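Novice: Residue numbers (the UniProt record's numbering), protein chains in the order written: chain G, 1 to 242; chain A, 1 to 242.
I should point out that these hints are in silico values taken from the structure, not numbers from a laboratory. A quick note: this is a predicted structure, and the numbers were derived from the prediction, not measured. Mixed in with the good hints, there may be bad ones.
Identical chains blur together in the list; that is why a pair holds if it fits in one copy or across any two.
Said to hold, decoys possible - Okay, derived cross-link-like pairs now, DSSO-like style, lysine-lysine, Cα gap no bigger than 27 Å in a straight line:
(1) K205 / K6
(2) K43 / K137
(3) K148 / K219
(4) K50 / K137
(5) K43 / K205
(6) K43 / K56
(7) K6 / K29
(8) K29 / K43
(9) K214 / K50
(10) K148 / K43
(11) K29 / K205
(12) K6 / K137
(13) K108 / K56
(14) K56 / K205
(15) K205 / K137
(16) K137 / K29
(17) K43 / K214
(18) K6 / K108
(19) K6 / K219
(20) K56 / K137
Each chain, letter by letter, is given below.
2 protein chains.
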Amino acid sequence: MMTTNKPVRVISAFGSPGGHRVEAALRLKGVPYELILEDLGNKSSDLLLKHNPVHKLVPVLLHGDRAVCESLVILEYVDEAFDGPPLLPADPYERTVARFWAHFIDHKFPRPFWLSFFLTEDDGGESSLQGLLTEAKQNLALLEVQLKDKGRNENDTRFFGGDSIGYLVIVGSSIAHWLGFFQEVAGVAPLLTEEEYPALSQWAKRYVADETVKQCLPKRSELFATYYASKQMIQAMATSNK
Amino acid sequence: MMTTNKPVRVISAFGSPGGHRVEAALRLKGVPYELILEDLGNKSSDLLLKHNPVHKLVPVLLHGDRAVCESLVILEYVDEAFDGPPLLPADPYERTVARFWAHFIDHKFPRPFWLSFFLTEDDGGESSLQGLLTEAKQNLALLEVQLKDKGRNENDTRFFGGDSIGYLVIVGSSIAHWLGFFQEVAGVAPLLTEEEYPALSQWAKRYVADETVKQCLPKRSELFATYYASKQMIQAMATSNK
Numbered sequence: 001m002m003t004t005n006k007p008v009r010v011i012s013a014f015g016s017p018g019g020h021r022v023e024a025a026l027r028l029k030g031v032p033y034e035l036i037l038e039d040l041g042n043k044s045s046d047l048l049l050k051h052n053p054v055h056k057l058v059p060v061l062l063h064g065d066r067a068v069c070e071s072l073v074i075l076e077y078v079d080e081a082f083d084g085p086p087l088l089p090a091d092p093y094e095r096t097v098a099r100f101w102a103h104f105i106d107h108k109f110p111r112p113f114w115l116s117f118f119l120t121e122d123d124g125g126e127s128s129l130q131g132l133l134t135e136a137k138q139n140l141a142l143l144e145v146q147l148k149d150k151g152r153n154e155n156d157t158r159f160f161g162g163d164s165i166g167y168l169v170i171v172g173s174s175i176a177h178w179l180g181f182f183q184e185v186a187g188v189a190p191l192l193t194e195e196e197y198p199a200l201s202q203w204a205k206r207y208v209a210d211e212t213v214k215q216c217l218p219k220r221s222e223l224f225a226t227y228y229a230s231k232q233m234i235q236a237m238a239t240s241n242k
Numbered sequence: 001m002m003t004t005n006k007p008v009r010v011i012s013a014f015g016s017p018g019g020h021r022v023e024a025a026l027r028l029k030g031v032p033y034e035l036i037l038e039d040l041g042n043k044s045s046d047l048l049l050k051h052n053p054v055h056k057l058v059p060v061l062l063h064g065d066r067a068v069c070e071s072l073v074i075l076e077y078v079d080e081a082f083d084g085p086p087l088l089p090a091d092p093y094e095r096t097v098a099r100f101w102a103h104f105i106d107h108k109f110p111r112p113f114w115l116s117f118f119l120t121e122d123d124g125g126e127s128s129l130q131g132l133l134t135e136a137k138q139n140l141a142l143l144e145v146q147l148k149d150k151g152r153n154e155n156d157t158r159f160f161g162g163d164s165i166g167y168l169v170i171v172g173s174s175i176a177h178w179l180g181f182f183q184e185v186a187g188v189a190p191l192l193t194e195e196e197y198p199a200l201s202q203w204a205k206r207y208v209a210d211e212t213v214k215q216c217l218p219k220r221s222e223l224f225a226t227y228y229a230s231k232q233m234i235q236a237m238a239t240s241n242k
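Please model the complete structure; the sequences and the hints are all you need to start from.
Specialist: Okay, structure coming up:
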């Protein structure tokens, strides 16, 4: 482990799911940090451009004068560079399973989900919207099976956390916390229902109720205001491409 | 470390850059494995569908009855589960830098590069082809700077390997070995030239000349035949979308 006496700063933006991941990981490790919020409505700060010149995106973790970018990479760094409870499991195979589903949540899961929320039938025709919804529900079902199919009973959803919150639970926070807001913003029927995905729903509830996590979880009312503006923008872009 | 007495199998396909990464990692670790090649011209085997039901893609590493999917995840697993020389650096920050550039090579680098090879000016207009070429060269320049800007002299390109081949060098094999073939297949002027990117060019030459790596590097002539067919297919698809 490295010493933790170098100052830790997090460049994020209000409501950023990736920024939340970094903050949650640091809080679970007990690492104090300074939070620097970008204003996404204005151009990127010099600090962000200096430390993430390749992607120019939040979140960025600054540890002393060293910068670490991309939330999944940052989570691995936080786990390796600081003391405190481990975020990834110790067993190599369990670690690999966690990384596989983290990549799934970041690279395969989002597209049909968010598109199905933001597009209306008028934007792409009923069939393409229906296809996106089907794909989004299939992705939820894959995660539900992972939570259940571990030879445990229905109340034991340790895979995404259980007794303690770790790497994959933190990655899944974009589903546990942000999904509800997007449903509300989009005004669509909730996809992640207790009836259809009981294990995922229970896990999501437990995540947002966690005392450590709650301290860096953006408030529903403020998130609503932020994403409602995004929805208007995306819908305007979709319409202009017709 | 886990014991290595469980059989190791790799599900790959001829010419797969991801499959090569897995084979190279195992060979560098000194882990014997059985290679199982999918025929990409036919439908996926039951073995592949069983062990990678989510993505249905090669490569898959089978360690005993456990499956690990996605080449970047597999490389981390191989490093953690088997003895032998480490693939990732020991220092948390160096590990994080390697992971950041690995993600860059897999998620940001490929699109403009391959598209600029396969599309002609007729497919998307001269300006879009020129834009792709510019983006591809900017990505090469970012990697070139990483190789050079480490306070070392021009001949010391340790960042991508140097004395020993590790995680990021293996990930970069898609550039070191496959890029030359794509240039040849596409019949375009080489982008990765000795003059413009001396550090990258030298590193690529050293990689393909390595005795361990060479044993699992597909032959130029056979790769040519495989990818020439792909080029025809992609061009036909591009044309049908006009």
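Novice: Please list, smallest to largest, the hint numbers that this structure does not respect.
Specialist: 1, 3, 5, 8, 9, 10, 12, 14, 16, 17, 18 and 19
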